[in-house]
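Novice: Below are the chains, spelled out letter by letter.
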Amino acid sequence: MSQTVANRVIGRRKVPRWQKVSPFGYFALALISFISVFPFYWMFVVASNTTAEISKSPPSLIPGPRFFIVVEHVLQVVPFGLALWNTLLVGTVVAVAQVFFSALAGFAFAKLHFKGRKFLILFVIGTMMLPSQLGIIPLFMMISQWGLFDTLYALIVPALVTAFGVFWMRQIIDAQIPNELLEAASIDGGSVLRIYWSIVLPVIRQSSFVLGLFSFLGIWNDFLWPGLVLSSPEHFTAQIAVQQLKASYVIDYALNMGGAFMATSPLLILFIFVGRRLVSGVMDGAVKG
Amino acid sequence: MSAQTPTSPWRSKAPKPKKVKGVTGIASLNGKWGYLFTAPFFVMFLIFGLAPIVYSTYIAFFHWDPLGDQTFNGLENFTNLLQDDHFWNALRNTLNIWALSTFPQMAMSIGLAAVLRNKKLKFKTFWRTILLVPNITSVIAVAIVFGQLFGRDFGLINLFLSYLGMPHHIDFIEETIPGHIAIATMITWRWVGYNALIFLASMLAIPEDLYESASLDGASAWQQFIYVTLPQLKNTITFVLIVGTIGGLQVFAEPLTLGGTMDGGSTRQFSTLTLYLYEQAFINNKWGYAAAVGILITFIVLIVSGINFMITRRLASEEQ
Amino acid sequence: MAKMWTAPRVLAVAAVAALSVATVTPAKAADPVTITIWTFGDVIQRNFVQEYKLLHPEITLEIKKSDLDPLNGTNMVTACTAHNGPDIAAVEVSYSGYWRSYPSCFQDLRQMKTSSANANASSVVPASSNIAANLSATSIKKDYLPWRWAQGVGYNDSVIGLPTDVGGLEVAYRTDLFKKAGLPTDRAKVGKLWPTWDKFIAVGKQYLGKLSAKDKKAGKGFIDNSGTIYAAMLNQGTSKYYLNDGTDTGKLIYDKNPAVKKAWDTTVTALQAGIGTRIGQFSSDWNTGMSNGTFATILAPAWMMDYIKAQAPDTKGKWDIADMPGGGGNQGGTQLTIPAAAKHKQEAWDFMAWYLAPAQQLRMFKTYGLFPSTPSLYTDPSLVGFKDPFFNNAPVGKIYASGIVKLKPIFEGKLERAIDTAFGAGLSRVAAKKMTSAKSWAQVMADLKKVVSN
Numbered sequence: 001m002s003q004t005v006a007n008r009v010i011g012r013r014k015v016p017r018w019q020k021v022s023p024f025g026y027f028a029l030a031l032i033s034f035i036s037v038f039p040f041y042w043m044f045v046v047a048s049n050t051t052a053e054i055s056k057s058p059p060s061l062i063p064g065p066r067f068f069i070v071v072e073h074v075l076q077v078v079p080f081g082l083a084l085w086n087t088l089l090v091g092t093v094v095a096v097a098q099v100f101f102s103a104l105a106g107f108a109f110a111k112l113h114f115k116g117r118k119f120l121i122l123f124v125i126g127t128m129m130l131p132s133q134l135g136i137i138p139l140f141m142m143i144s145q146w147g148l149f150d151t152l153y154a155l156i157v158p159a160l161v162t163a164f165g166v167f168w169m170r171q172i173i174d175a176q177i178p179n180e181l182l183e184a185a186s187i188d189g190g191s192v193l194r195i196y197w198s199i200v201l202p203v204i205r206q207s208s209f210v211l212g213l214f215s216f217l218g219i220w221n222d223f224l225w226p227g228l229v230l231s232s233p234e235h236f237t238a239q240i241a242v243q244q245l246k247a248s249y250v251i252d253y254a255l256n257m258g259g260a261f262m263a264t265s266p267l268l269i270l271f272i273f274v275g276r277r278l279v280s281g282v283m284d285g286a287v288k289g
Numbered sequence: 001m002s003a004q005t006p007t008s009p010w011r012s013k014a015p016k017p018k019k020v021k022g023v024t025g026i027a028s029l030n031g032k033w034g035y036l037f038t039a040p041f042f043v044m045f046l047i048f049g050l051a052p053i054v055y056s057t058y059i060a061f062f063h064w065d066p067l068g069d070q071t072f073n074g075l076e077n078f079t080n081l082l083q084d085d086h087f088w089n090a091l092r093n094t095l096n097i098w099a100l101s102t103f104p105q106m107a108m109s110i111g112l113a114a115v116l117r118n119k120k121l122k123f124k125t126f127w128r129t130i131l132l133v134p135n136i137t138s139v140i141a142v143a144i145v146f147g148q149l150f151g152r153d154f155g156l157i158n159l160f161l162s163y164l165g166m167p168h169h170i171d172f173i174e175e176t177i178p179g180h181i182a183i184a185t186m187i188t189w190r191w192v193g194y195n196a197l198i199f200l201a202s203m204l205a206i207p208e209d210l211y212e213s214a215s216l217d218g219a220s221a222w223q224q225f226i227y228v229t230l231p232q233l234k235n236t237i238t239f240v241l242i243v244g245t246i247g248g249l250q251v252f253a254e255p256l257t258l259g260g261t262m263d264g265g266s267t268r269q270f271s272t273l274t275l276y277l278y279e280q281a282f283i284n285n286k287w288g289y290a291a292a293v294g295i296l297i298t299f300i301v302l303i304v305s306g307i308n309f310m311i312t313r314r315l316a317s318e319e320q
Numbered sequence: 001m002a003k004m005w006t007a008p009r010v011l012a013v014a015a016v017a018a019l020s021v022a023t024v025t026p027a028k029a030a031d032p033v034t035i036t037i038w039t040f041g042d043v044i045q046r047n048f049v050q051e052y053k054l055l056h057p058e059i060t061l062e063i064k065k066s067d068l069d070p071l072n073g074t075n076m077v078t079a080c081t082a083h084n085g086p087d088i089a090a091v092e093v094s095y096s097g098y099w100r101s102y103p104s105c106f107q108d109l110r111q112m113k114t115s116s117a118n119a120n121a122s123s124v125v126p127a128s129s130n131i132a133a134n135l136s137a138t139s140i141k142k143d144y145l146p147w148r149w150a151q152g153v154g155y156n157d158s159v160i161g162l163p164t165d166v167g168g169l170e171v172a173y174r175t176d177l178f179k180k181a182g183l184p185t186d187r188a189k190v191g192k193l194w195p196t197w198d199k200f201i202a203v204g205k206q207y208l209g210k211l212s213a214k215d216k217k218a219g220k221g222f223i224d225n226s227g228t229i230y231a232a233m234l235n236q237g238t239s240k241y242y243l244n245d246g247t248d249t250g251k252l253i254y255d256k257n258p259a260v261k262k263a264w265d266t267t268v269t270a271l272q273a274g275i276g277t278r279i280g281q282f283s284s285d286w287n288t289g290m291s292n293g294t295f296a297t298i299l300a301p302a303w304m305m306d307y308i309k310a311q312a313p314d315t316k317g318k319w320d321i322a323d324m325p326g327g328g329g330n331q332g333g334t335q336l337t338i339p340a341a342a343k344h345k346q347e348a349w350d351f352m353a354w355y356l357a358p359a360q361q362l363r364m365f366k367t368y369g370l371f372p373s374t375p376s377l378y379t380d381p382s383l384v385g386f387k388d389p390f391f392n393n394a395p396v397g398k399i400y401a402s403g404i405v406k407l408k409p410i411f412e413g414k415l416e417r418a419i420d421t422a423f424g425a426g427l428s429r430v431a432a433k434k435m436t437s438a439k440s441w442a443q444v445m446a447d448l449k450k451v452v453s454n
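Residue numbers (my numbering), protein chains in the order written: chain A, 1 to 289; chain B, 1 to 320; chain C, 1 to 454.
It should be emphasised that the hints constitute simulated quantities derived from the structure, not laboratory data.
A virtual CB, placed ideally from N, CA and C, is assigned to each residue, including glycine.
It is possible that part of the hints are untrue.
From the structure, some residues in chain A lie toward chain B, with a derived Cβ separation under 10 Å [what the hints assert, rightly or not]:
hint, residue
1, Val-77
2, Gly-81
3, Lys-111
4, Val-242
According to the in silico footprint, chain A covers these stretches of chain B (three or more CB under 8 Å from chain A) [as the list claims (entries may be wrong)]:
hint, stretch
5, 178-186
6, 243-251
7, 284-293
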């Protein structure tokens, strides 16, 4: 430190802290960004061209004219609109439920003093280590026994709460709401419920939104569990509908990619609006230091 | 990521903050409400999270045919499993894919984060946002694209490689190592931007004066990166590694969708631990055996997490 | 939601149905019914679905296609455990043994009786045949090949499935490519080129010798995929992995049956001779190869003829059909079943009885090449005399019929599919040169020990 001070004292020209980003840095960013979005572009290219155009060497790299023909074809094979609607419905219900239950429990774990709390939160964290597939067979048995097989409830009911959600909310509430604020409110005579409602919830709105988005994306992109418990096309989710397209004798790349594009583009559109918030959500949750 | 609902096997996107501090709660609030607030969660969690796991352990001691008989067979599932070369093959594949995806991904994410944190970077938000795009999309949709890109005869990647002078086309589906590389590529593609953001957040938290003094000492940008940034990232690196390992040990979506079958291909080159569980459960319909596989996976995850934990502890204590 | 989505259509249909029923068969009520069908490939043909709509505007056939293993191996198991399921499920022959061991998952078709729904079918769809009322599975059993019928009989002797087509196997070959290679093109002479599989491989080598260096580099070959020889040979014998010892389960002999080893060894010989391309069947490369003449022969089950026509329309007239080495063969074949939890069993049975009746099977053969499982047609002049211009006017009916009658029934046991998968994987390892034949065989034996244990 003294060295630094000395340098300053001598008045050596201060080195600017941030040098310009080198062209190589921009190139690396541009390359990774290109690679990040290219598969979506390629989906569209394949979906809008004939197989022959794609199979020739080198293949066509620009979109062809057939996209809407393929869309029509996809709609003939599976009720895609319905599948999107199902996914939206399940995803929204699960997202809202997860946020609701996680915020409640997270608040209790972060700010309330009750016996057994420490043990319970450690227990919750401990279960996060367990592989998710461990309970899949008994869960399937429960769903079938309760007559929920081949209903959307089979997707919703088991996903209403997660240990992760509670843990995340606990961290967020702990970090974002100062104890003093709650203490002051409680001395003013606010009940726990009231404090939760009028002080905690408004503060964690942004984080709740991010958690909800993650839950929604999880439901949107899941395919193994829905594939097990759904059987009628009218209950399919978007991913199952995409999988369904593969189930003909011949691999029709245009059809498959058309379906993949149709199942992905709603998310991409959503991302345009919420991408920045997701980015800050990811970064907020990251470890600092 | 370890954060998954026990029910729907998807990778949760949100990162896990690391430390559980000793939060004490607020004395002036009535703590009894805590039971009420956590009750809905615990009731559902017990039914849909824990009960299935407990019941799974029970099933693991049975020969359990979903359509036929269920007979108790003691430890037979476990003893068979330990001699099951398919299981060990699955473990090998899993570790292979994990190594191939984790380390390049880590290096790339840190490198990207180092570029992203530069205050003079133009279009900052744009770059950050676009890097997250792969992470939000479904494995199914992406696997269809990658399957085509990695195609043996007409795939763009083989075409590209042949321009670079590769004498023959590589079969990324049939051959083991290229297959693992293809899967690791898919995983890396999905997570590199996400991890870059995590590293970025952690880099932004590094005190500025550390750099200032270093640069005044005449350290080059590279030296600053090596001697200032990296040591400060130690915790984050460990965190990303742990979370990535727990997730990596459960990988199944990429090999399943790219390979197309639950058995992992003709030499079981894509069979991973989780995929092997699903194959036993839903192709061979041996539920008892599948449950035993699940328990063994759990042990492996716990052991690896334990090792991770010890290493972290040691690193942390060295630091002090 | 499903209701919301289909309600207008169902209403419209019901309205039409009500009108037409009122005029044709006044006694019948026409409640709209949706029959759900789980199937794969082309088991249920779209044209016939449309015909059935004409016959029964009140009935909607909702078809869900899956890949074979997810359908027969996973979905049907989960559905049966959950007491759920479609109205009709297709069971492929390699899974027939498995499902025969779980008859409680299915409706016993002996207890079903056709209604009068299709008693006047030909008055609406002239090409269609009438199906009398009160037919049970027992009463139509005589129409079907006994060994195909047996594949749909449960361990408790209940009838769980009706046979669809027979996948009679012959060799489809490209006359133009044969000519170029100096081989005969006449189907009788071509058939005589390969009385045995060894001769077939020898012809393949001869063909390879005539290929230019450029063609070889482009990956051209004699047969699309040498691995297909295995199943073809095995299905020509009298037993595969199980011995029919009179019990329901049969006896496992996959490790001792010389026919299995012989089929393996011959296939390995073909693989090592390099007569096949590296293309997998039903891939997009395969379709392209079919058009481009990448291979000159395909071991083609009857149902594949339609596939070739659809995928390589430009090759019309260049194909012909010749006898298989070693006589007829068989590949595939399916039973239609009614799961125990089906909601519309009566309507499902009426449809199945109509769809698989001899008259419909004959038309299916003429349109799609699906070879009938009803032997009364094998002498029917319209089948025996049927020639296909796409295949150079080959008398395909006669060729496949003569192959089918040479077939001996093979007992398909419970784990047929799993065993087949293991052998297939073993051959793939040899083909990819990842293991020697002996080592791969040993691996198959080790793998199968696990499959058959508990």
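Novice: Check each numbered hint against the structure and report the violated ones by number, ascending.
Specialist: 1, 2, 5
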